[in-house]
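Reassemble the complex: the two chains are provided individually, in unrelated frames, and hints are given to aid placement.
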Amino acid sequence: MAAVEAVTATGLVKRFEATTAVDGLDLVVGAGQVHGLLGANGAGKTTLLRLLFGLIAPDAGSITLLGRALGGPGSAALDHVAGFVEEPSFYPYLSGATNLALLAKLDGEVPAGLIDEVLERVGLTDRAKSRVGGYSTGMRQRLGIAAALLRTPRLLLLDEPTSGLDPAGARAVAALVRELAGQDVAVLLSSHQIGELEKVCDAYTVIRDGRVVWDGTAAQLVAQAPGSAYALHTSDDDRALQIAAAIPGVRAGRSPRGRLAVSVREGSLDALVLALGDARVAVRRLELLVSPLESMFFALSGDADDEGLEPHDLAERALARAGSDA
Amino acid sequence: MTRAPLTMALRLRLASAASAAFGLVAVLVIVGALFPAVGGTIGKLNLPRGVSQLLGGADYATLTGWFRSEIGAVYGPLVIGAVAITSAAAITAGEEEDRILALVLAHPIARSRLVLAKAGAIAVVVVMIAVAAWVGLLVGVALGGGGIGVGHMAAFAVHLAFFGFALGAVAVALGAGTGRRALAGGVAAGVGVIGWLINGFAPLVGALDWLKYLSPFYYYAGHDPLTQGIDVGDLVVLGVVAVALTALAVLAFERRDLRG
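Chains A and B supply the protein sequences, listed in that same order.
As numbered in the numbering used here, residues 134 to 459 make up the first sequence, in order.
As numbered in the numbering used here, residues 1099 to 1358 make up the second sequence, in order.
Isolated chain B (complex conformation) (with noise of 0.2 Å):
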């Protein structure tokens, strides 16, 4: 019976997860294969520097810089932050606005358990993701020509895994915590947003250079795992957020009165 709220959410994400990372691992397939052709062509953009940040270098010269460029710096953070955000509301917020949750509810369920296992089910969806962002790698670099290490690949796939934890963190929290789906996805992916602004342009502005710490995509990105690998810092800054948030949104819920 412990398991059986987390198999019921994972049964219910995992199809539309499966879709997601087949067409992320055929994306990064397609764009590897792309780059003999294309990438020496283009070479480095010579773009205003917080444009070319928002672009991850915008360095098409490399290997490495296209695959930043191309997957890190949008592609691959959108893909995980969208499942990541929709889950999320929609098997939280979403279930209690559909009247499906009144009938879980009546089930003797705590609603702390509930909540664990629809969080434990998006991590499970994201984990899923960034494997196969991985997998998309592996294959797409060789067919690129090489040239990143299998550990750097796997740092990349899991500090995306901790981004999209963090934002679907947001999205269990707001969902958990109001009923409302429409805030809790469009708060979390306001959140995904704005951190990728303000991680392109506060560094522009002196003054501002400290807001980028307040951005999920410093510590997705900020220190560039494709070529240094895992920052364990970063990661657990990015931990830390996700679990504070799913707490927050076990009391939030054990607290409040089921929307009707």
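Okay, chain A solo, but in the shape it has when bound (with noise of 0.2 Å):
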């Protein structure tokens, strides 16, 4: 039997009065896969995931999760669905645990344990007994997924889940979002930071104006991408400028403070490097400004000052904007 698809829309439209946000989407989401849903400010993510809930209706389309459909707010389709829509937030003047114990009682009774359990995955066991008016927004972010582990998810919506969060913190939920995946959960996760997707994702979707532009598992994205950028420290830039123009798919250039840029092809990172190394240039650093999932969301959803770049245009807006002396 085959396995039932996480998350199936088709045809979803949403308009708020003279906009539409959502426009004829389909989204698919495999049982068990974990999917990145990408788009910039204002695409429509954050609308899709709210029409995932059923915190508004759709014009138009049908939605199922977990092979249930979505018949309308409130309903039974949300069973071991959890997650949140931006910033989730809860009762400043109780605690965190108490937060936690009375959304776990919508859900019916707790296992003993269970809530201490998901504060400690989270690392909120020492402010558990703290008023949420206090929390950081990362500590909120935590709760949030904690809130959302109680419900011993099959699938899981995250809005933004690393919004808020230090590195440390980022690398948690990734590693607790790899370990979910492990256990046949499906996690859709919408996000602009790309590179804590692309550490997790199995698929893409990316959205634009509330399309569908591309969709896809991650090597085909890497296949299909316009290719990566990377800063380039060397023992001779001049020397290596020289050799980076004479390799087929690559470009290279100086940054705003001098520094060298490049972008490559799929496959045309070793050919350069080995150019570098037979002309007896040392490669001192090679650090990457614009990953391949980076330059194909550029290509597909970025910025109209973005749209069309090539990675290595991309990899100087990159460079100035980071302020680098890369």
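Honestly, the hints are just simulated from the structure, not real lab data.
Coverage of chain A stretches by chain B, computed from C-beta distances (three or more under 8 Å per stretch; other residues unrestricted): (1) 183-192; (2) 213-224; (3) 238-247.
Backbone N, C-alpha and C define an ideal beta-carbon position, used for all residues, glycine too.
Quick look at the structure:
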């Protein structure tokens, strides 16, 4: 028997007065799949998640979650579906543990110790009895994840789950997502922090202006991406520039601060590094500036300023924005 | 799981309701204790009819008149109305504006059940205040020298409760229907204030006398429960209004998008 898809959305349309936030959108998230939802601000990611949770009703289209039709607000289709949209909000004058206890009762009896267990998993044990009003943004984010875990979900819908988290916290969330995926939990992650998604996602959907502009597996994305871009530090940058110019699929130039930036098509990076070695030019540092996912994202859904740019140009912009001395 | 939304809503409002109830009891006790020293001195005030009506008759010569004016006319409905309205606006539209409702509704809970649970919690809070009013009257009337029957004091508390149900239901309907806390609280408070004014002044103008039937104050105190006991007809009107508005709240909340 074929596995039931975790999410099937067909022909979704959602309008807000004069704006069409979601415009004929189709989405499939496979069972046990970690699926990244990418798009610029205002692309429709949050609206889509609100539709999936039944917080708003579509003007057209249908949604099934774990094989059950989402028939309207408060639908039982939300059984074993957990997560949150934007920053999760709790009762500020109650403690984290009390908030979780109240939410847990909406699902019936809670196994003893489960609340303590999920708080420990997200690293909030020490602050469990503190009022949520005193929590930082990152702590509220972690509490939201804890609330989702309480529901022993088979489908997790997370909107910017690493927002407000420090790098260690973001890595912990990524590890948690991988762990859940290993337990056959499907995860739909919406984020604009592309680097975080690259570490965990099996597949991606890129949306722009409420429509899907690309959908596929991580391998397909890498194969189809315009390329990637790096900051390159060598023992002889002038010589490295000459060598790079002669290699097909490589473009090189200098950043605003005079350092080397190279953009490469799939497979060209090896040729560049080997050529530099043959010319006795040492590679001291190779820093990824624009990943294949990022270049694809910018090509498909980026700001108007970034639309149609080559990775090399994107690398220059990335360097200028970072203000780095790469 | 059926009671979980109700206990959740109650948990969040009990502390403030208990505080208001305690305060009401204290005021009633003090008002009763003051009567022997003050009431006879003031006597019945000679005020314009409309103002006298607004103040419950302004007859401070008797203990019944004293409580009717000091508590029944303004303070009692003010406390129960304020608690019902602020609580209802907070746990409906307030939670939606604070985005707490988005997390709650991510659970498989029907919106109708959620609204009914919140309305039920408001009803429990109103009953708490009304019981506090009755307890405060029992003590206060005793301190004031007696003269009001236990049954009539209970009748006053019941009328007060139904008044609170009706005003709370206005706030629940607007809160669940619009998701706007300020609108829900403001309009419900406006209904209370305008209702108080209409009940006081409309009867002074023959052609406008009928307006009093639109005021919740008419059904709360128009037949003077402190001396006449319960008026079933008045309670039925207030009860029907509360139930109808709650039903409207359910229908409206089921059909609209949650504000984001």
